[in-house]
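Novice: Okay, here's what each chain looks like letter by letter:
Protein chains: 2
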Amino acid sequence: MPGPGEFELIREYFTSRFQTGSRSGTADNGVELGIGDDCALLLPPAGKRLATSVDTLVADVHFPAGGDPYRIASRALRVNLSDLAAMNAEPLWFTLALTLPHSDPAWLEPFARGLAETAHEFGITLVGGDTTKGPLSITIQVTGACARPLRRDGASAGDIIYVSNQLGAAAAALPVVLGEVTVSPRQQQQAETAYYAPEPQFAVARAVEGYASAALDISDGLLADLGHICDASQLGAELNLDQLPVAVLAHSLQADAAVETALTGGDDYQLCFTVPARHRDAVQALQLPITPIGHLSEEPGIRCQWHGKPWQPRGTGYQHF
Amino acid sequence: MPGPGEFELIREYFTSRFQTGSRSGTADNGVELGIGDDCALLLPPAGKRLATSVDTLVADVHFPAGGDPYRIASRALRVNLSDLAAMNAEPLWFTLALTLPHSDPAWLEPFARGLAETAHEFGITLVGGDTTKGPLSITIQVTGACARPLRRDGASAGDIIYVSNQLGAAAAALPVVLGEVTVSPRQQQQAETAYYAPEPQFAVARAVEGYASAALDISDGLLADLGHICDASQLGAELNLDQLPVAVLAHSLQADAAVETALTGGDDYQLCFTVPARHRDAVQALQLPITPIGHLSEEPGIRCQWHGKPWQPRGTGYQHF
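If you read the sequences in order, they're chains A and B. Quick note on this note's numbering: the first sequence kicks off at 39 and runs consecutively. Quick note on this note's numbering: the second sequence kicks off at 39 and runs consecutively.
Misleading hints may appear alongside valid ones.
Pairs involving identical chains hold if they fit within one copy or between any two copies, as the list cannot separate such chains.
Unchecked claim - Lysine to aspartate or glutamate pairs mimicking EDC-like chemistry, simulated, CA-CA at most 20 Å apart:
1. 171 <-> 98
2. 86 <-> 247
3. 171 <-> 50
4. 86 <-> 66
5. 347 <-> 298
6. 171 <-> 142
7. 86 <-> 106
8. 347 <-> 276
9. 347 <-> 106
I should point out that these hints are in silico values taken from the structure, not numbers from a laboratory. Quick caveat: nothing in here was measured; it's all calculated off a predicted structure.
Can you build the whole structure from these sequences, using the hints too?
Specialist: And the structure:
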């Protein structure tokens, strides 16, 4: 049974669900004209920078092709929102470039619903897109307004390294999500939430905007992403693994390798940021869900101590090729 | 032989070639921070709208996978620039989401060069991207500044329909580009240019900004795209095919079906726009490469006359699914 043609498909699943703007004026988030013309027309907020980021999720590389379309859509948007959060930007607009092997309403309906509900939750507006025929992949570009950006390249030796919440949950969850291991229903649900519903760290970024010297989100694993902060500032790092906030899920699913998972596992989208030592007390007083795990140093490379001894991790993070 | 890892790949082929911005201030097109952080940081021009559009080109759906990577990159950017032109927006920034089966320097080098040279030609700045492993596809999002947008939905019955330059060249060229037919070296070159190097119609759009009631670029074929103008304004159209500017290439390669090709063939990226009859003389006086081909009417649907008789085209344009 052939699916609907492209234009009907776009109209049915996206335009109607995400309609914004009007002929006469502007709608929420400064959207003058949304989906359906050659371009969207947008009015950027006065006096702020725009922050923009794009990410592609390829089926069976970045998510299981057979996964729940609602959760896949939600995760795709959350992963992109995490880049806005890590830059300390407020969500405004996003576009969706969706490549599909065929136009299947049973897949598109929950996908569009997951996207719409996640967009609503974070106050971001779909302003355009493209649907093409081909192997399943999802490219989302997010744009936000940014008054005080948190860049990667502002750190100095001696700055304290913090991470938000816990690490390792999504990587520990992956074999469960992929159906490679069987766990209790409760663990199954925890695993799916850890993998599919990462929480962009807008609140933490906003709270530390006056103190942080550098920040990013941990998508490829702490060691790999902290390496980017080090590279951008030409520094190294000293980590105390006894302080590492390892996710309960990593302990329960991968007890033997929990620390390794927390260090090198991707997909958590927690914030990693650095703070000059003089701001330590002020940041502590914010009572955020953050943990100091070490400090930056002049010597290039990242060195780990565990139980008072040097420790060498096996991997360094997700490699895309 | 494994190619370079993702981060080296990005650095080598894109970051170095497209480096913009600086730690201390802003660079061209308001780029404060380009490739390499969680987000790009951009300063939009004051007092203008932003126009943005995204398009995905999938290998062997939208371009031949074995084509020249330089030309593929150039075409991918031109196709997106055409959406800015059709909206009457000036190019500012673009992002590239590139999915590749493997990291191959022999492909990436000419691809990056084609992208850089085309970006330079049109004054648009690469500000971010993502490279992922998977089936070859290219998603580009362009953003421009727009003072007087040309939308699809402003037309009225009686408005004259114009197209820029000629139609049908790219569709006629496709079998040549795909290697399905053999032609003279000169025709081969003309065909490759028609297909791979469409010219975004910035100059025409700018010239008619004070007169046009609606406009779009012809990507899926005149009938299909004019249908979008009609739908947006709840109108129909009457076309005189004797006036249709059929491309020489369509005549020389597909003489028997040249008019059909000009009506329904995609990929030309010429401008189709409408002008209220009272502006006819003013638009004529601009001496642009444009042709009036009919007018809008109250009756829904598009009707064609050829040699004084009604004529029914076989197809209506490219269907994506």
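Novice: All hints, please: hold or fail.
Specialist: Here is what the structure says about each hint:
In this homomeric assembly, residue 171 and residue 98 come within 20 Å of each other (Cα to Cα) both inside a single copy, at 17 Å, and across copies, at 10 Å. In this assembly of identical chains, residue 86 and residue 247 lie within 20 Å of each other by CA distance solely inside one copy; the values are 15 Å within and 29 Å between copies. Taking CA atoms no more than 20 Å apart as the test, residue 171 paired with residue 50 passes inside one copy only; the shortest distance there is 17 Å, against 31 Å between copies. Taking identical chains as interchangeable, the C-alpha atoms of residue 86 and residue 66 lie at most 20 Å apart whether they share a chain (17 Å) or sit on different chains (17 Å).
Taking the closest pair of Cα atoms, residue 347 and residue 298 come within 20 Å of each other only inside a single copy of the chain (15 Å); across copies the shortest separation is 77 Å, beyond that limit. Within a single copy, residue 171 and residue 142 get their C-alpha atoms as close as 12 Å, which meets the 20 Å cut-off; across copies the closest is 25 Å, which misses it. In this assembly of identical chains, residue 86 and residue 106 lie within 20 Å of each other by CA distance neither inside one copy nor across copies; the values are 37 Å within and 41 Å between. Only within a single protomer do residue 347 and residue 276 lie at most 20 Å apart by alpha-carbon distance; the minimum there is 12 Å, versus 82 Å between protomers.
Taking CA atoms no more than 20 Å apart as the test, residue 347 paired with residue 106 passes in neither setting, with 44 Å inside one copy and 54 Å between copies.
Against the hints set out earlier in the document, violations occur for numbers 7 and 9.
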